[in-house]
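Undergrad: With positions in the sequence shown counted from 1, the corresponding number in our numbering is that position plus 26.
It cannot be assumed that every hint is accurate.
What the hints assert, rightly or not - No farther apart than 20 Å at their CA atoms in a straight line, the calculated lysine to aspartate or glutamate pairs in the EDC-like style are these: (1) 54 / 183; (2) 126 / 183; (3) 177 / 51; (4) 126 / 111; (5) 126 / 196; (6) 156 / 196; (7) 78 / 196; (8) 125 / 196; (9) 122 / 196; (10) 126 / 113; (11) 122 / 111; (12) 159 / 196.
To be verified - Label-pair ranges, simulated between beta-carbon atoms: (13) 51 / 137: 26 to 32 Å; (14) 147 / 182: 30 to 36 Å; (15) 85 / 117: 40 to 46 Å.
By construction, these hints were calculated from the structure, which means they are not laboratory data.
On a predicted model such as this, the values are computed, not experimentally measured, just so you know.
For every residue, glycine included, the Cβ atom is placed at its ideal position computed from N, Cα and C.
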Amino acid sequence: MKGLLIFIALIPLGVAYYQLDNAIDPIKMLYSYTGVGAITLLLLSLVPSTCKRVCGQNFLRYRKTIGLLSFVYILLHVSVFVVFDSEFDFLTIVEKSLKKPFIYIGLMAFAIVLFMALTSTKKHFARFSKYHKAVYIALLLALLHSFWAQKVAGVFEYGIVAVGVVLLGERVWAWRQNFK
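Whenever a hint applies, use it, and build me the whole structure from the sequences.
TA: Take a look at the structure:
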């Protein structure tokens with residue numbers, strides 16, 4: 027099942043690869059595919075816990091896989107920025123970040139998810155699991171980054187924010203129930 031999950035999650039990258047030659051703006055297309063994949067998978071990484079609490083279905087064994095797939099997309103998204111858009115010119119990266127604050131918001135989300143990916147091994151997870159709650163901060167930052175990066179927010183952007191609010195709202199509700 028995990029193999030099928032990985033295959034399905036990587037389909038958009040295959041589609042992007044085949045559309046790259048015909049793209050009017052290849053860099054923008056890569057931003058779109060990797061960004062949408064990253065935020066979608068980041069949201070989906072919260073679904074197993076919600077399913078367990080709300081529906082009684084246990085999909086927790088897939089949470090790490092979904093989270094790591096999200097990290098792959100996030101890493102590709104950041105790589106598009108560093109390699110193709112900024113051509114490894116770190117002065118340009120700093121200048122763009124100062125002109126477009128959504129970039130450093132996205133980089134903060136990337137730093138959190140990078141930490142989580144590096145500490146997701148069995149050896150490290152036991153020690154750092156309490157810090158993995160930072161996924162909620164990363165999600166909020168990613169939602170802000172995604173929304174802020176668009177010149178005009180459309181149905182997708184509002185939809186992603188709505189799904190994020192529902193998933194995070196369910197977490198807050200569950201935590202409040204535990205403290206009563």
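Undergrad: For each hint, tell me whether it holds in the structure or not.
TA: Verification of the supplied hints:
Distance hint between residue 54 and residue 183 is fulfilled; the C-alpha atoms sit about 16 Å from each other, no more than 20 Å. Between residue 126 and residue 183 the alpha-carbon distance is near 18 Å, which keeps this suggested pair within the 20 Å criterion. A threshold of 20 Å between alpha carbons decides the hint, and for residue 177 with residue 51 the separation of about 16 Å falls inside it, so the pair holds. A C-alpha spacing of about 14 Å is found between residue 126 and residue 111, which places the hinted pair at or below 20 Å, so the restraint holds.
For the hint linking residue 126 to residue 196, the alpha-carbon distance of about 32 Å lies beyond 20 Å, and the restraint is violated. This hinted pair checks out: residue 156 and residue 196 have alpha carbons roughly 19 Å apart, not beyond 20 Å. Of the supplied pair hints, the one linking residue 78 and residue 196 holds, its CA atoms being roughly 12 Å apart against a limit of 20 Å. Taking the CA atoms of residue 125 and residue 196, the gap is about 35 Å. The hint is violated against a cut of 20 Å.
With a C-alpha separation of about 36 Å, the suggested pairing of residue 122 with residue 196 is violated against the 20 Å cut-off. Using a Cα cut-off of 20 Å, the hinted pair residue 126 and residue 113 holds, with the two alpha carbons roughly 17 Å apart. Pair hint residue 122 plus residue 111 holds up; C-alpha atoms about 10 Å apart against a cutoff of 20 Å. Proximity of residue 159 to residue 196 is assessed by CA-CA distance (about 14 Å); at most 20 Å being required, the pair is judged to hold.
For the hinted restraint 26 to 32 Å between residue 51 and residue 137, the CB-CB distance of approximately 27 Å keeps it satisfied. Against the hinted window of 30 to 36 Å, the Cβ-Cβ separation of residue 147 and residue 182 comes to about 34 Å, which satisfies the hint. Taking the beta carbon of each, residue 85 and residue 117 are about 45 Å apart, inside 40 to 46 Å as hinted.
The structure fails hints 5, 8 and 9 (numbered hints given earlier, in ascending order).
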